[in-house]
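Please put together the full structure from these sequences, using the hints given.
Just so you know, the sequences run in chain order G and R. All residue numbers for the first sequence refer to the working numbering, where the first residue is 170 and numbers rise by one. All residue numbers for the second sequence refer to the working numbering, where the first residue is 29 and numbers rise by one.
Calculated directly from the structure, the hints in this document are not laboratory data. Hints may contain errors.
As the list claims (entries may be wrong) - As a list, the in silico SDA-like pairs of lysine to any residue whose alpha-carbon atoms are at most 25 Å apart: (1) 309(R) to 238(G); (2) 225(R) to 333(G); (3) 224(G) to 333(R).
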Amino acid sequence: MGNCNKKGKPSRPSVRDPINIRGDKENKVSYAKVVLIGNSGVGKTSIAQRFIEGKFDENNKNTVGASYFQKNISFKDGSSLCLYIWDTAGGEKFQALAPLYYRVKSKYIINIFQNAHAAVVCYSVTDDDSLKQIDTWLNKLDEHGNIAKMIKVVVGNKSDVDKSERRVDLKEGKLFAQQRDLPFFETSALLNDGSIDELFQKLASQIKQSFTKEELHATV
Amino acid sequence: MLDKNIKSGDSYKFKLLKLKKFQSEVPIDEDAFKFPSTNTNLTYNSLDLRQLDNENKKKLESRDKEELKSFQTTRGQRERKAISAARKLQEMEERIRTLKPKASLKKKNSITQDDALRMIIDRDINYFSKKVKSALTQLWNDDYQFNSRQRRRLWLVLSGAQQQLSSKLSQDNYKNLKNLKLRYPNPCFNQIDLDLKRTQMDLGLRSDNFLSQLRNILVSYVKRNPSIGYCQGMNFIVAKFLTIMSEQESFETFTQIIESILPIDYYTNMVGILIDQKVLKYYIQDLMPQLFEHLDTIKFDPSLFIFQWFVCLFSNNINYDIQNKIMDLFFIKGSKALFWVSIAIIYNLKQQLLESSDFQTSQLIDGVKKVCRFVKGKRITQLREEFRPLVEKELQETIDQKETLNQGQYLKFQFINRFYLYPGLHKFYNLNENSQQLSCQNVEQFNNKLFNYFHCDPKWPVCLYDYTYKNKIPNYLCFKIASELTQFIKTDYFYPNQNENLDSDQILQKILNEELKLKELKDQILIERNEHMCTNQYDSHQEFEMKFKYLLSEKCESFSHLPSFQININDQMSMLRCKEDLIMIVSCTQVEPDFIRKQKEKENQSYQISTRESQMNKQRIKDIILRNIEIPPSLSKRSTSVSSGERMIEILRFKSYPSNVKSEIMISKIRARQQSC
Numbered sequence: 170m171g172n173c174n175k176k177g178k179p180s181r182p183s184v185r186d187p188i189n190i191r192g193d194k195e196n197k198v199s200y201a202k203v204v205l206i207g208n209s210g211v212g213k214t215s216i217a218q219r220f221i222e223g224k225f226d227e228n229n230k231n232t233v234g235a236s237y238f239q240k241n242i243s244f245k246d247g248s249s250l251c252l253y254i255w256d257t258a259g260g261e262k263f264q265a266l267a268p269l270y271y272r273v274k275s276k277y278i279i280n281i282f283q284n285a286h287a288a289v290v291c292y293s294v295t296d297d298d299s300l301k302q303i304d305t306w307l308n309k310l311d312e313h314g315n316i317a318k319m320i321k322v323v324v325g326n327k328s329d330v331d332k333s334e335r336r337v338d339l340k341e342g343k344l345f346a347q348q349r350d351l352p353f354f355e356t357s358a359l360l361n362d363g364s365i366d367e368l369f370q371k372l373a374s375q376i377k378q379s380f381t382k383e384e385l386h387a388t389v
Numbered sequence: 029m030l031d032k033n034i035k036s037g038d039s040y041k042f043k044l045l046k047l048k049k050f051q052s053e054v055p056i057d058e059d060a061f062k063f064p065s066t067n068t069n070l071t072y073n074s075l076d077l078r079q080l081d082n083e084n085k086k087k088l089e090s091r092d093k094e095e096l097k098s099f100q101t102t103r104g105q106r107e108r109k110a111i112s113a114a115r116k117l118q119e120m121e122e123r124i125r126t127l128k129p130k131a132s133l134k135k136k137n138s139i140t141q142d143d144a145l146r147m148i149i150d151r152d153i154n155y156f157s158k159k160v161k162s163a164l165t166q167l168w169n170d171d172y173q174f175n176s177r178q179r180r181r182l183w184l185v186l187s188g189a190q191q192q193l194s195s196k197l198s199q200d201n202y203k204n205l206k207n208l209k210l211r212y213p214n215p216c217f218n219q220i221d222l223d224l225k226r227t228q229m230d231l232g233l234r235s236d237n238f239l240s241q242l243r244n245i246l247v248s249y250v251k252r253n254p255s256i257g258y259c260q261g262m263n264f265i266v267a268k269f270l271t272i273m274s275e276q277e278s279f280e281t282f283t284q285i286i287e288s289i290l291p292i293d294y295y296t297n298m299v300g301i302l303i304d305q306k307v308l309k310y311y312i313q314d315l316m317p318q319l320f321e322h323l324d325t326i327k328f329d330p331s332l333f334i335f336q337w338f339v340c341l342f343s344n345n346i347n348y349d350i351q352n353k354i355m356d357l358f359f360i361k362g363s364k365a366l367f368w369v370s371i372a373i374i375y376n377l378k379q380q381l382l383e384s385s386d387f388q389t390s391q392l393i394d395g396v397k398k399v400c401r402f403v404k405g406k407r408i409t410q411l412r413e414e415f416r417p418l419v420e421k422e423l424q425e426t427i428d429q430k431e432t433l434n435q436g437q438y439l440k441f442q443f444i445n446r447f448y449l450y451p452g453l454h455k456f457y458n459l460n461e462n463s464q465q466l467s468c469q470n471v472e473q474f475n476n477k478l479f480n481y482f483h484c485d486p487k488w489p490v491c492l493y494d495y496t497y498k499n500k501i502p503n504y505l506c507f508k509i510a511s512e513l514t515q516f517i518k519t520d521y522f523y524p525n526q527n528e529n530l531d532s533d534q535i536l537q538k539i540l541n542e543e544l545k546l547k548e549l550k551d552q553i554l555i556e557r558n559e560h561m562c563t564n565q566y567d568s569h570q571e572f573e574m575k576f577k578y579l580l581s582e583k584c585e586s587f588s589h590l591p592s593f594q595i596n597i598n599d600q601m602s603m604l605r606c607k608e609d610l611i612m613i614v615s616c617t618q619v620e621p622d623f624i625r626k627q628k629e630k631e632n633q634s635y636q637i638s639t640r641e642s643q644m645n646k647q648r649i650k651d652i653i654l655r656n657i658e659i660p661p662s663l664s665k666r667s668t669s670v671s672s673g674e675r676m677i678e679i680l681r682f683k684s685y686p687s688n689v690k691s692e693i694m695i696s697k698i699r700a701r702q703q704s705c
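In structure tokens:
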């Protein structure tokens, strides 16, 4: 997994901790929290996996609760941004938990939306219902997120499928995102076509543009 | 932690601690556990008390102070204390000596491990006593490798599934459930289909047969208990069982786990899991304060992985052998094993934060051995009770911020938490003599009785309200009666009437009043059934029922495809509207006389069969209904506040329709209205 030490400094013993913040403050690396949301089975975990490990696992299991990845993104000007990617479960039952799950200042429950700089809202091009549900997810973001200028991106996954299996056209998805004034991407986690890298690259540069360096610290 | 004490140079403190430790150890040894005396002691000084409630805080603080005092006293006092401590130690030793013969006697009576192994395979046995269980624990501690045959029996018997399987009545239950066809969509089914292919593929379990079995079990469970339905993560648990058991065995074991081993609200609204998360965090803080502090400073919340562990019962993302080992312990020791295992894993991971090595079974056993003495089942239940109000309060707060309609749902869950689920509760059977009667009846039979109480035809394949509600709305809960009903819960029990426009204080007061009633009801009702179409139509329920049946059997195709059946579960208002529409459609249907005749014949038959006793019961219940309940006003009152058009329909509905009104016209009207909506 991506190590966030900028200049490859010898890692401290606590580096095995999933989130190493103390050591990196000195390095002045920026952090951004990205949440992956969307209906169940649209391929959120696959997107994260393609981005982090550069591979596609056919035997992916359904996510329970949430899981967590991190990866460094370096820009042309030499600076870098460490993305904390929260991969959430889309299941109905966990949606019922949403108010707890995404709640700000919750003592007892992890809050995934808290301090999230960006949200990747996914749908599957094989499932038109998942596109309709994007509005609900966007509402949830508005309701439970605490950063006003949070960047939201609409992503149509599984673009590799045959035309016969496709339920949502590229145009349709574009129009949908346009109406809501959101950036749109169509990606494929299965094919190594760079669509997902492009997504995260653009997302990262936009995060860097819209947030100041002070704001890009990791408060997970 | 003890190392810390030694390093601090206060060897005296260390001795004292050791003494104390020894004294406290002696009476603990009751579960036939014998563990090497491990030196994990609690250092209260470093305890972070933030999340404890005040009472506990005070208690711990006072203990803290006492301990501090004892260390700060003068040397003379220290010596005196040491002497008295030494005396106590002597006394203890004597006591142990006197106790020893008894202990050896116990050993003679106890069951050897070989016996236990023999009992596991013995097919006639479907219940393990405590002694066998302790022998099994010993086997577990010795890392005995059960083969799959032994393990299958072990899980079946310990979970209580074997008891269920051995009764003839419940044997057909699964078949019935499996064959029960539902003609309406349920979000759970979609989710199951999505998750099937995402289950344990790394184990090579991808044959079609396996997947269909898995699907059958999960779908049957949704049918059996829609209030719990399906939760992602269950697929891993069931897949685990299917590797060594047959389909029906897996189903029974699974239901036993959910309905009797785990706390009731583990999967309904997940409050159970949230509470257990809290409990586990308390233990981490208590036993491994250093680690807890560390996690706190890096702002990493352990609930992230705890949640996954508890939802899947460790059957996901963990080494296969360890999974089996954990399941064994879970079945032997119940839900407290979840805490032991979690703490054991975290305890081992704590070491691994610095040095990397793979996690082994032996480490798990060691960890559990160390942990189980500190994590007691009683304390867990105590803590659960302690944390429940905190979690529920937070839940309530979040719900208060949202729509008021959800309040009812929350209250419902709170209500249900007080009760046991009816089926498969061997614990409950053991407790209550009356409930013994229940255990010999299968679920279907019991439902029939229930339907009788509510004037539904048990012969009918799908109960009216089951058809419309139980399977449509996952949150729908149903009554199962433990003993004879003498009280009823009103249908709008949990939904404060919107016409009243109560303040939050008033609502609270109302709830408090209701709570008293709930306590009274506890003995009589196990689970609540939310709403019945029949009781809504109380004055003319028989006629209504007839029409409904007619539509279902004769015009099923067109009827079940009505737009009113496309209920949006998340939208309470549209749900109500749909229900009203349905009621209206049914009400204005004209039934063919042939059908009525056939039904009456059937009714007569069933009437003759039913005993005199049940008739009396029926009459009694009827009287009670008439005395205690006005015609449930919930719907009518609520919807009158919606719009005048709705009110018109209400009035129409409650006046009996002239039978010559053609149902088609009404249906088309409703459709037009829905489109305009």
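Against the earlier hints, flag every one the structure doesn't satisfy and list their numbers going up. none
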